[in-house]
Each structure stands twice: as structure tokens, then as C-alpha cells.
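Residue numbers (the working numbering), protein chains in the order written: chain Y, 1 to 206; chain G, 207 to 787; chain S, 788 to 1080; chain L, 1081 to 1187.
Note that these hints are calculated values from the structure, not bench results.
Certain hints may be false.
[To be verified] With a straight-line cut-off of 30 Å between C-alpha atoms, the simulated DSBU-like cross-links for lysine-lysine are:
no. : chain 1 : residue 1 : chain 2 : residue 2
1   : L       : K1148     : Y       : K69
2   : L       : K1090     : Y       : K169
3   : L       : K1090     : Y       : K11
4   : Y       : K11       : Y       : K69
5   : L       : K1148     : Y       : K126
6   : L       : K1145     : Y       : K99
7   : S       : K950      : S       : K840
8   : Y       : K169      : G       : K262
[Unchecked claim] Interface residues of chain L toward chain G, partial, derived using beta-carbon atoms under 7 Å:
no. : residue
9   : F1154
10  : M1173
11  : R1177
12  : P1178
13  : S1185
Where is the CB? At the ideal position from N, CA and C, for every residue including glycine.
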Amino acid sequence: MSAEVLPYTIKPHPVTGLYNGKFGVWLFLASEVMLFGALFSTYIFLRIGAPETGPAAWPSGEETHLSWKIGGLNTLILILSSVTMVLAWVQFKMDNFGKGRLYLAITAILAIAFVAIKFKFEYAHKFHMDIVPSTSVFFAIYYTMTGLHALHIIGGVVVICYFIGPGAKLWDQNREYYTNRIECTGLYWHFVDLVWIFLFPILYLL
Amino acid sequence: MSGDHHHEPSFIRKYVFSVDHKVIGVQYGITALSFLFLGFCLMMLMRWQLAYPGEKMPYIGNIFGEAAMPGGVMLPEFYNSLGAMHGTIMIFLGVVPLLVGAFGNYVMPLQIGAPDMAFPKLNMMSYWVYFVGGVVMITSFFVPGGAANSGWTSYPPLSDIATAGQTWWLFGMVCLITSSLLGSVNFIVTIIQLRVEGLTMFRLPFFVWAQLITSFLLLLAFPPLEAAGVLQLMDRLAGTSFFLPEGLVVSGVLQTQISGGGSPLLWQHLFWFLAHPEVYVLILPALGIVAEVIANNTRKPLWGYRAMIYSTIFLGFMSFIVWAHHMFMTGMGTKISAFFATTTMIISIPSVVILTALVISLYQGAIRFTVPMLFALAFLPMFAIGGLTGLPLGLPAADIHLHDTYYVIGHFHYVVAPGTIFAIFAGIYFWYPKVTGRMLNSTLGYIHFFFSFIFINIVFMPMFWQGMAGVSRRLYNQTVYAHGDAVQSLTVMSSWGAWMLGLAQIPFIINFFISRFAGKKVSNNPWHATTLEWLAPSPPPHGNFETVPVVYRGPYEYSVPGASEDFNPQHVTTEACSSVS
Amino acid sequence: MNRSRIIGIAAALLVGVCLIAPSIVLGQTEAPAVSGNAIDGDYGYGLPPMVSKDGQRVDDLIIIVHWFMSALFMGWAIFFVYCLMRFRARAGHKAAYDPIKAKVSKYSEIGVAAFEAFLLIGLSMPIWAATKSEPPPETEATHVRVVAEQFQWNFHYPGADGKFGKTAADLVDTVDNPLGLDPNDPAAEDDVYATELHLPVNKPVICDLTSKDVIHSFSLTVMRVKQDVIPGMRIPVWFTPVKEGRYEVACAQLCGNNHYSMRAEMVIEDDASFATWLEEVGIVEEFDEDELD
Amino acid sequence: MSDAHADVSKHVKAYIAVFATLAVLTIITVWASTWHLSHPMAIAVALAIASVKATLVAMIFMHLKWEKAGNIWFVIVLTVFFFVVLVSIPALMHSDRPLGTVFSSWG
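So that you can see chain Y by itself, here it is in the shape it has in the complex (with noise of 0.2 Å):
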């Protein structure tokens, strides 16, 4: 099936307003938002049935070797990825396709920078002190959540590197539905930031 048979895939539906990706972006991030929203259950569950003393009680401040420097860094890196995302949209909406092209690379370099700061000074650091997921539930979780988002954030790299490279084929036959798409990586992008906002200071700071 073509594109241009299937009505509202560009132009907006004159009723809803959307056109058929954004509609999609948005219920696939709801689907998103109750598959964080388990973890964060999983995590609310876990630390409230955690015993006060003992081996198994949840970890705090020195104990979580968590380095809220790296973590807050790592903030840091992705709200300014965010914000490089909807710029580069804007560019794209008024016509700089080579500005655009630019904003899109910069989010693909800070969310690279984002995952090897992760792995080379989180994860391989704590592998070389030996804390592994099942060390304790709280690294557990930490490793699960984290770990997720970060298999996010990889996937949302690849997306916008498609975009920068063969995806962007597209702009010259069609502005509109270029701008759209990258409309709808924006929002999935935004939304993995939205998720790290949260995850920030459940892990390293409380």
C-alpha cells in the first residue's frame, strides 16, 4: 500500500487534528508510560518491603556507589539533547534543510555521549568492582531500568541516524512528511528524557 492511497498519513485529519504517525507516536508512548510505569512500580514495591537493617536493606547515599556527578552529567547532556531535537524540527519546519541536518547531528552525538559516558564510567566501573545485577534488588532494578533506557536511547540514535543519512531522501520528495517524521522522533525523544528526569533521582539521589 502507498503513501499517498492511505488519507492522513500527511495532511492532518480536518476532525482529530493529527495526522495517522503522530496519533501513533503518542499511543505507542503511552504503551511506553506503562512499561516504565511497571518498573517503577516493581521499584516503589520492592524498597517498600525492603527491612530497615540488614543485608537486604535498600541501599542509601556512599552505599548505592552511585555517582550523582556522572548521573547529573548525564542529565545535563540529554535535557541539551532535547532541546538540539525540537530545534532541529524547527529548522526543518522553516525550510533550513542543512541547519536542521546539523541540530539532528548534535542529538546524535550528545545521545551517544550519553550512552558511553553510561557504559565506560557507570557500568564498566561497577563490573570492575564487581557489582553485577544481582549483587542486591536495588542494583537489580538500577541495572533493569537503566538498562532500558538506555536500549531506548540506542534505538532513538539509530532512528535519528537514519534520518540524518538515507531517511533523508525524503525532504526532497516530500517537506511536509520529512518534518512530520521527524516530528515523531522528537516526541519519542523527549520522552526518553522525560523517563531519565525520573530515573535520576530515584537512583542516585534518594
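We have chain Y; now place chains G, S and L onto it with these hints.
For chains G, S and L alone, kept in the frame of chain Y given last:
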């Protein structure tokens, strides 16, 4: 892609990796029916062990190998695998893909006048991810230790310490969940965005409404199970303790390699947060099919169409806050149990409303007893029994005696087996002519119906007595208990019913394949129905409609006074309906 | 049993008594019971025997619900069958377009809701509250710890001092110390270990349920008691046996391959026999330990 | 896509402002963790700041502030409701157990 319609796509693009919702719908249908049959076969094997515990299975006992059935006698681990996989296959690989993947995919875009689903490639991906999930599940039978054997609910710690089949089960589930999520996004966008001109929400066929609500349930309820699946995979593969408390001693050995600190109940919460809405995923589209068939065969508008829609919305909403009634026995205090028992009682009301509306729809109709109608009619009392027997299970005090007994098995099988699966048969008989352009043979259909109806009741009705007698479910051999031994005769009866039910499907299987080539050819609208799918040619071409239809009225305008025919299709103008004589 | 007859008849009305007939014919080749000891009570198609003080309330609720369900289903089915016969398609019969104004459905739905509210608030909740938050006084009750494992029930009695000895997971030894009792704890000295649950009649019992490995479910069908046994938690249940005899303890939650064989026997006896039994089992236990040392 | 070019460029300022706010809030939330607040209080403060940040991201970066499509709002409200149910009820159940329940198998 844009130039595709100028030349015929290759065979692979057309029939294997097709993006056409109709091809994908048929792919889903064939695959899911095969799984349904497989799940049924697993159950027929189990029924032998249940009826004749420890006896050699005749004829086929030796083909399962020494690891599963040494000397033709089933081992408990194989029995448990069969049980777990029967549930998994029936629900996640059979019924849901049939209702949503097959019927939803095929019929829904036609009913809303759309040329295809909103995201055709996503649709294709959804099918293939489901297919991979199915392959993973089947493969798991052949790994050491056999397939998952901790029940379809996979409660940890048992599932955490189970054999490798459980890991395969989890990977399979992750695939199936992903497939459902992709599908549900697609369905919602299609229903909201792609309706043709004039087709307002309250002119939608009830089936489309049911699909819409179902998609929301899948969208929001499935992710927690995906997360839970990831957590269990972590427990099994990375040695974490999400579901394992401290101080576990398995077979006398203290589990020192785990850190502890987790909770087995966490899994149950995440699992049932999905699995209760899942019950409505299994039943709502079935109600949709039944509503279509009943309206068509009573030649009369559905009674209380709007009330049914509001009830369905309410059902969907409430289904998210009743899950812990599956957990009454896990150590629940008075307050939480009161909350969940109350929501459970509340959720029964919209079900009663829908069922009542469907029965009153019969009143003053002109009922044609076609094969799809028979299945749809049989659905009603079966669903009523299934629903009513949920009542004692929803009352925590009565649940003390009935929880995890055969009563539960009887209850939910009445909802999904003679309930949903009858609706599926109704749908197959009803839409087969649309899909193939040929009718299914009705003589074979009547035989199929009457024997299925009798035997399915012989299978499941005894379970209520067994449950009342206190026999636990999932017992490899219930005769070890005095109360189980006393009702063993019912088990035997149930088993014979199941095997006879298997035989009763033979006319259907023959019918299904032969009619594809030898069935009576039909026009666009053999049932004289009103909804849009009957405007398209049978079978509909790529792109569905020759011209985009416009809708003028609600979905069930049958026997309108003053009209020339006893049905006014949605796409025909009012003048045209009354002018022709 | 009259009561089980009532249930049987009530439920049979759902689709018809005729479905029983094949079972009688086909059910003649049933396997004999595996258990060695004769189990007391009259077991059949209806509710099983009931030998606890408060179990009757559960049974009453079940019976009332089933009468309600049957009435609802019968009324509904009569209307259904009437419609099928009266409004079948035939020459000269035409469907009516206009919907009937059926107030009956609205009233019946309200009636159903009201009765469900009565069942829940009037009957179910008080029973649940009694079984979950109104334990018998500690001083009067017989206290037993139930330790579940794949695929066996272990019973732990506090002995003469009425105190349970400390237990720890790392002390568990399948042969010598299945409960993981701490030998240095003086309270553990007179503790009694058994694999059969003996209880005195007409005295309240509190069972503390724990599991060593996976989730089990402690099901005393004849007492109308059921409670999942969750590892990492100790959950109490309480009941009062009122009839002497030998009954069964079942596991009602899939706990592994031999789940079906996770069966224990429960003996309800008078105070004197119970005391004698406790002494005998205690002696056997001590003797075993000496021998193994 | 109703917003014209002018609108879009006006947004840019908002984006930069939001970025600055988010950065500041990140610093505040780290700083707040050194206040030695009581445990519930510390959680409340951290989650409150995170919620503010999340709202900013959703409203400005994800354009919800300018979003008129009712369907999206419907999906968001529904999801947030079920999210709250999912994270709160399992936790609540922890405190409502049969009388005498102990959270340990041994002892």
C-alpha cells in the same frame, strides 16, 4: 513503494510479506487456527492422564519419547508442560490473534470504509513478530526439560527455578506482547482517523467499537507484563532476585547465590494487571462478532446499541482495577479485598447490560437460524453461565472454597471456549464468503454446531461439580485425594467429551478447505447485511472499495418501515432505499 | 448429604440433569484411591464434608449465590427460548423496527446490582473479616507452624513450653533438621516435628504458614480453609475443627512436577489422644537425633 | 501543522528558557539531596522537582501547550490514571495483610 500499483507485486510481496490488511488478516487467521488446533491437541493429551492416571496412552503413547512419556505413560513434568502451553497457546497464540489479528485486521478496515490499516508496514511487522513468538513457543517443546511447566501464569519462584523452557516462554511472550502493542497502535489510529465520510463514532458497527476498546486494553495492559517478563528474564539469566526473597531452601539446599530481597507477589501484580484486561480482550471482540451476526439474522436493529457501547467502555475501564481478585488467597487484608471485590461486583453489571441487550434484540425479530446465527445464539447462554459462575469467585469468602479448583477452570472456559470460540466460529461462517467469495456448506455447518454444542458442555459442565467438591486444578492425578477420587467419574466424562469434541471439528475442517474451491459462489452481500464490508466485492481487491463510500445511517437499519428491502445499507442514500420496489 | 443435593440440583438446572447420565456410564472404571489410610467423610458430587465451626458460613454463601445464579439464568433462559420460538423467521412474519420499551431489563439490572451488593457487604465481607482479622485468643488456641516445601508439608509444634524455637534457613538439613531449628535456642528443645497434622477437636487452631521454596497453597477442604503459602512471608490462618476423624491437607497451587502428590493427612482427635500423640512423636524425634549424632 | 513559521521561531526562545530552567532544577535537586531531610520529605521534594521538569518537557518540547487534539489529551489522561493505579495499588496492598502476617519465612 509509490509506483507499486502499476505492476503486480511479486508472489512474496503479495502473499508472504504483504502489507495488505486482508492478506495479513488471513495469515493471522490461518496461523492462529493452527495454534488453536495445537492447543486443543495438547489438552486432549492431558485429558488422557486425567481420566486414566498412570495408564499407558493407547496408539500414540510411544511417539513422545522417553523424556516425556516413558513406556507411554505421561510424566508429571510433561503434564505440567502441556498445561502451561495449552493456556499460553490458546490465549496468546490462538484466540487473541484470531479475534484481533484476523477478524479485526480483515473486517475492521472494511467496516469503516478504509483502503487499508493506517500503518500497513507496521501491520506486517506485527504479524511476523507474532509468528516468531509462535515459533519460539513451539521450539521450546524440544529444549532439554521440555516447554515451560509452571502454568500459563508462570508464578515465581517456581518459574525462576524451572527448566530452560521457561526462558524460551519468556522470549516468546516478549515477541507476542510486542506484536500486540504494534497491532493495537495501528487499530486505534485506523479507527479514529480512517473512517469514511458520514461514519461518526455512533454509526460504527459494534464490532469496531469492541476492537477499539480491546486495542486500548492491549495498549495499556500489556506493557506491565512485558516489564515483568524482562524482570523474570533477569532473574533467570542475570541471577537477580526480583521475585525471590531471602532464605530460599530448594530441595534442602540454601540458595546462597541469590541476594534475596524480592517478592513473589510482585510478579502476580504485574501479571494480573495484564491478565485481567486480557480476559476482556478475549471476550469483547467476541461480543462484537455476536452482535453483528445477531443484528443481521434477527433483521432488526440491535436493542440498546448505545447502552452496549457505554457498557463496553465502562468494562474496559474497570477491567484495569479488578486484577487482585485473582490474588484473594495470597494473604490479603480486609480493606484491599473489599475494594477489589467491590470493583469486581461493579464490573459484572455492564456485562449483564450487554447480555440483556443482545437477548432483547431477539424480541420481535425475524430470526434466521443460519449457521453463524446458531453459534452466536449458543454463545449467549454459554457466556451467561461463564459470567454467572464468576460471581462466587468474585466474592472473597466463597472464593476460599472455590479458588484454584476446577470451578475456576469451568468458569473461564465457559467464557472463552463455548463463549469466545463459538463467537469465532460464528465469525468464520459469517465472513468466510467475504474472504473467499464462496459460502461454507451449511449442512456440515449444522453438524459441526450441534455436536460441538453438546460435547463442549460435556467437557466443561462437570468441572463445576468437581470444583464444588474441592478438587484443585493442575493436578496430575486427582485420585490421590479422597474428594478427588469421589468425582473421578466426572473427569472421565469430561475427557470423553473433549475427545468427542475433537471429532466434532472434523466437519468444520473439511468444510473450511473444500468450500474454498467448491463452495457456492456468492455476490457482494450474501447475508443482506447493512455494514460497509458487504459493499466491497467478495473477495475485496487491493484497496478494498472501487469508489470511496459515504455513510448515511447507523449500522443496523434492518426492517425500516417504508423501505423497499428489509435492510438499508449504510452507504445507500435514503431516497435510493425507498424508491426501488 | 442434603446440602450437597441442593447444590447439585441447583447447578444441574443450568443446562439440564441429563448431562449427568454419561458420567455414570463412563465413570465405572475409576482408579482406586492411592492413600493408605481411610479418609473420613462422605465425598461426592456436591460440597465435601464440612467439619469446622465457621465453615458453614462459607457454604451458606456458596449455596445462596448458586440459587441466585440459577434463578437469574432460568428467568433469562426462558425469555431466550421463548424469543427463539416465537420470533423465528417464517412466511408472513416480519421483524419490528422500533425498539421495545423494556423497563424490565432496567429493573432487573438494578435488582441484580442490589443483590450483589447484599452478597458482598452482608455475607462475604463479615466472613472475610473473621478469617483475616479476628484471630482466636492466643491462650486458647493450638498453635502450629506449617512449613511447606516441594512436595511435602512439615508441621512444627511448640512443645510443652508453648514457644517455637528459632529457625534459620542455613540450618536446614533435609534429614536431621528439616525445620532449620536452632539447637542453641532453649525454646527449641521440646519442639515437635511431624509430617501429619494432628489437632485437638473443638479448640481453635492457629496455623502459621511459611514456605521454604516456592508458592504453595494450604488447603483444608473440609475446614473451608485455603491460604497461599508465600515464601518470604509468614501468614496465619485460623479455624476450629469440630469433628474427629482423619482428613486431608492438599496443596492447591502448582508447586512443581509432583504438585499433585503434595498431600498430608490431618487427624482431628480428642485432647487426650492429641497429648499422647504429641508425646510419642516428640520421643521419636529425640531418638532419631541421638541416633544420628 | 497549523503553526506558521513565525510561531515556530517564537517557540525557540521558549525552548532555550526551558533548557535553562531544567538545568537549574537538576542542580537544585542534587543540592536538595544534601539537605538531610527526613526520608519521606526527601522523596517528596525530589519527585516534586522531577514532576515539574517532566511537565516542562511535555508541555514545551512535546508541544502539549499548543496541542489542541482532544484525542491526545484523552490518551494522556487515561494513561496517567492507569499509571497511578499501577504504581500505587501494589504498594498499598503491602500494608493490608491478614492480621499477624510477618515478612519473613524464618525466625
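Evaluated hints:
1. K1148/L / K69/Y: Roughly 39 Å separates the two Cα atoms, so the pair is violated.
2. K1090/L / K169/Y: 28 Å, holds
3. K1090/L / K11/Y: 23 Å, holds
4. K11/Y / K69/Y: Since the Cα atoms of K11/Y and K69/Y sit roughly 45 Å apart, the hinted pair is violated (cutoff 30 Å).
5. K1148/L / K126/Y: 46 Å, violated
6. K1145/L / K99/Y: With a Cα-Cα distance of about 25 Å, the restraint between K1145/L and K99/Y holds, given a limit of 30 Å.
7. K950/S / K840/S: 26 Å, holds
8. K169/Y / K262/G: 66 Å, violated
9. F1154: 10 Å, violated
10. M1173: 5 Å, holds
11. R1177: Holds, about 5 Å.
12. P1178: For P1178/L, the interface hint holds, since the closest Cβ of chain G sits about 6 Å away, which is under 7 Å.
13. S1185: This hint holds: S1185/L lies near chain G, its Cβ roughly 6 Å from the closest one there, short of 7 Å.
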